[in-house]
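Undergrad: All chains should be modelled from the sequences, with the hints used to inform the complete structure.
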Amino acid sequence: MVFESRGEKVFRFAILIVLGLLSVIALLPLLSVISVSFSSGWVVDLNQVTIWPKAFTFDSWQYMIDRPDLWRSFFLTLITTLIGTLLALLVTAMLAYPLAKKEFMIGGILMVGVVITMVFKAPIVPYFLTVRSIGLYDNPLVLIVPHILNPFNLIIMRTFFKQFPKELEEAAFMEGSGYFRLLFSFVLPLSKAVLATLALFYGVVLWNQFQHPLFFITDTDWYPLQIKIRQFITDPNEMPFLASRQEVNYNERTLRSATVVFAIIPVILVYPFLQKYFVKGAMIGSVKG
Amino acid sequence: MATKKWGTLVIAASLTLLMLAGCAQNNGNANGNTSGNTQEANNTPSATEAVEEMIDLVVWNTNLGFKPIEKGSQLYELYKDVLGVGVIHPYVEWNGGTAYLNQLNLKIAANEMPDLFKPQQGIEESLAKNGAIADLTDLLPEYAPNLWNLIPEEVWNIVKANDPTGKGRIYYVPGVLDYGRTAGLIRQDWLDELGLSMPTTQEEYVKVLEAFRDQDPNGNGQRDEIPTGGREEARWMDHLFAMYGIAMHEGNPDWDMYDGELTYSAVTPYMKAALAFNARLYKEGLLDPETLLNNKAQWDGKIDANRVGSYFHWAESVGGHLETIQANAGVKGDFAVLPVPKVEGYEGFYTAKRFQGPVWVVKNNKDEKKLMATLKLLNNLYDTNNWEKLFYGVEGMHHVMNNGKPSTLPEDKSTMENKVFAPHNDFDTVEFKKNLFNSIDYGDRKWAIDLNLRNMDENVKYIKTIAGDGLPASIYEGFADINNRTLYVEYATKIILGQFSIDKFDEFVEKWYASGGEEVTKRAREWYAKTNG
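Note that the protein sequences, when read in sequence, are chains A and B. For the first sequence, full-length UniProt numbering assigns the number 1 to the initial residue and increments by one for each residue that follows. For the second sequence, full-length UniProt numbering assigns the number 1 to the initial residue and increments by one for each residue that follows.
It is worth saying that the hints were derived from the structure and are not from the lab. All residues carry an ideal CB built from backbone N, CA and C; glycine is no exception. Hints are not guaranteed to be accurate.
Label pairs and their in silico Cβ distance ranges [unchecked claim]:
1) A26(A) x R525(B): 38 to 44 angstroms
2) L86(A) x G404(B): 58 to 64 angstroms
3) N95(B) x W71(A): 22 to 28 angstroms
4) K162(A) x S474(B): 55 to 61 angstroms
5) K283(B) x A26(A): 33 to 39 angstroms
6) W71(A) x E112(B): 29 to 35 angstroms
TA: Printed below as a string of structure tokens:
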């Protein structure tokens, strides 16, 4: 342990307090949403719920969990996120690896192409027409295919591969392995850090995707979770509804809250385990451009 | 070296193949779908010639989270029976109209405009100029006489005057509201509780609000009453402006005759007086302190929590709030129409607008059959005999039958298909609404629904149709900020909150005219001269 003077200790303590306060500020809205989701509709109407549930009930959750279309969207998003992330890593690695090699002649040109897509975003209408013309309109594959190669992630991985010790690869070459063998048996197993980071990057994008399905999917059966949730929590109509009153314990606001919490549970579960890679990920590839 | 090159080539090639394979598969899917449809459309008549051809139309309208209408679904079958046309209504995320408009634009860019749709934010103007939507002037009288005859001629004249091509043609079906729907509302039972009579002047109204604030009319022992209030951007508090003769539509200042000329109500001295009054209410704690932060859910929540004494909304929908108040607080309340309180020197009224803007536009279909089917749909849609069926929707999904009377089911977005047609809202008459209320299976809800009916009759007394009724949004072209009320909202909210003194209002008027108000006013007056000339 490094010796700390009293002043340093105080300073550390102050930092802890400030950070603690910040995290409380960040946590409060979440807590309030959670407690609304576990409260009865009428207390929420009375604006009485702050950070603890009042008139505790599972009714909102019960209603939501009973909705089959929500589960469908949930598993759809889960599957597309898993498959999409795997595919994305594979494709990114297979492009990043040759691009990291000096002997790959057309690498420079390809790299320019990659950077162009990064700098110039396609306007929405031509982009829509292009994606549509390759048959991805109203096709669940649109939830995966447009996301499997991200230039930014590609550059990170390429930089990582560039830093890879040449001696290791040369040794493998001596053993008589080709490029594929080299990539899959030597390089990738030793690149877990960058793979985990990029998996997180890709995974988050796939899990949270909204714009693509909004534009390209019309069949609500293929709606991923985020849009499905949005569909649940649309603003109430100004037009009064002549229906009979429902004798239930939930209302629009408690349902909204339950849905929102539902959507972040998986992320909250996974995040603590991957968070360290997030920090690393920002560093990886930042040494060389 | 050669092997390395080959290696990369193989990678590249296999990737290309992978992508192609994916695409080919998708193409197959997409083609499969479309060709399936066209085949169906083409084959059905020849295969079974006796059966009348059923044409499917794609219809877009607001959907706030309900299920889409797919071919063969229950609502599809109902519409087929009632309207004689198949209706496909895909789910399109609405999001205040913005997401809807984006997707509509993409569809139009892809040459797949829906056959019949609700236009948004003036999109119909450019579509009409480009000839993308049908010129309905001659088609409606011939093929949709129900619609043509139902909408009054003076409304059609406004539509013609608003034709963006300037040729006096009709490009859209307008919404018509035949009575005053919104009003200031006040808790009659609170007045009774405190032994007060219905206020008729501003000073009496303020006294009542003070009593609501101080005397615990909801009887829960806490001073939690909110005498009155509204929502963000100073909206939905029109009753506090109405007494000064301000033309205002759901919080948006509107156009009316001031000093003999069509003028934007926000820049008149009447508005200055109204804002000063609002600032006074705010200062005295008679306005909800969160007035300018409330969204609909929050404001409704306060009303439903038995805390609000007076608010502004649809006079005919107090029953819903009162039933919720009963469930929440166990009180049978009563929201009555607040007579526009008199202010010395001002002529107050609740604003009514007959002309509700475009409701439907029809794709300029090259396919004659589809165009005719769309007109047939419109004709049947505006046949008032069909309206009750359209309102109640599918039995078992949207309503159930009790004692031979239909009873609407509570909203359930997971099971209900979106009722895309609501002609009774697009051509709203007091008669139809009343009949609707009367046709409902009351059960123990009679008291609440009777209050709706009472309010509808009462509100007629305080309504005035403003001179700016029917003014097209195109007068704001090039002045988006004026259309969005940016300047007005900033000054109005700050004046109400007391951050600006009321003298700042003159600065607002100056800025408004300087930032395009001059031109907009000129256009509005030209329009007025044209429609009333």
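Undergrad: Which of the listed hints are broken here?
TA: As far as the earlier hints go, only 1 is violated by this structure.
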